[in-house]
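Participant: Sequence:
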Amino acid sequence: MMMSNTINPTNQSIEYYKSELVKRDEIIEKLFEEVDNLKDNQLKQNEIIKNLRKQLDNNWKLKEKEYENKLKELKIENEKLRIENEKLVKRERRRNVDFFLKTLDTKMEDTKIMTSEEIKEIEIYPQSSSNFLDLLNKYPVKEEKMIPDYVKAAEEKNYYEFRYDGGVDHSDHYHKRRAVYLK
106 MMMSNTINPT
116 NQSIEYYKSE
126 LVKRDEIIEK
136 LFEEVDNLKD
146 NQLKQNEIIK
156 NLRKQLDNNW
166 KLKEKEYENK
176 LKELKIENEK
186 LRIENEKLVK
196 RERRRNVDFF
206 LKTLDTKMED
216 TKIMTSEEIK
226 EIEIYPQSSS
236 NFLDLLNKYP
246 VKEEKMIPDY
256 VKAAEEKNYY
266 EFRYDGGVDH
276 SDHYHKRRAV
286 YLK
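In terms of the working numbering, the sequence shown opens at residue 106 and continues consecutively.
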């Protein structure tokens, strides 16, 4: 009898451990199922993220193409406007030149009418005019860039000036000046 009692508790403990093992196996199976589900969810999320990235990239590419097309259109429009502007500027210049020539023609006709008589040039002799010499002495002119041409200055009596030769002797201004042709 005793033996049966001792077998019984060990039998119970074996049964208990078997049931515990079955429970643990079920828990492990559930955990594996959850892990599989998580892996599936992660794959789905990765696919969704990839699709979103592709969609964003496609949207950017479409916007970029759209902006490039707009830029091309604007460049074409700008070129057309530039050409039109050049044409308008040329027309305006032609009008201005035509207007100037017309006014010049009318002025020439007016001057021909007003000056029907011949006008003689009045020669100036500075030797006899002390006022003229005073005026020359009052405003001296520098001769740095002028090249004297005595022949032309002598031929065209109205186109010459007296300039200082660089002397400081104020009593002898007239002799230190020379005729310079003004171009």
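Hints listed in this document are in silico derivations from the structure and should not be mistaken for laboratory results. Please note that a few of the clues may not be correct.
[Said to hold, decoys possible] Pair ranges (Cβ atoms, derived):
no., residue 1, residue 2, range
1, GLU189, GLN150, 25 to 33 Å
2, GLN160, ARG199, 53 to 61 Å
3, LYS180, ASP203, 32 to 40 Å
4, ILE132, LYS159, 53 to 61 Å
Keep in mind it's a predicted model, so treat the numbers as computed, not measured. Just so you know, even glycine gets a beta-carbon here, dropped at the ideal spot from N, CA and C.
Participant: Would you mind marking each hint as holding or not holding in the structure?
Facilitator: Each hint tested on the structure:
1. GLU189 - GLN150: 25 to 33 Å: This hint is violated: roughly 57 Å between Cβ atoms.
2. GLN160 - ARG199: 53 to 61 Å: holds, 58 Å
3. LYS180 - ASP203: 32 to 40 Å: Given a distance of about 35 Å, which is inside 32 to 40 Å, the answer is holds.
4. ILE132 - LYS159: 53 to 61 Å: The hinted range 53 to 61 Å is violated for ILE132 and LYS159, with Cβ atoms some 40 Å apart.
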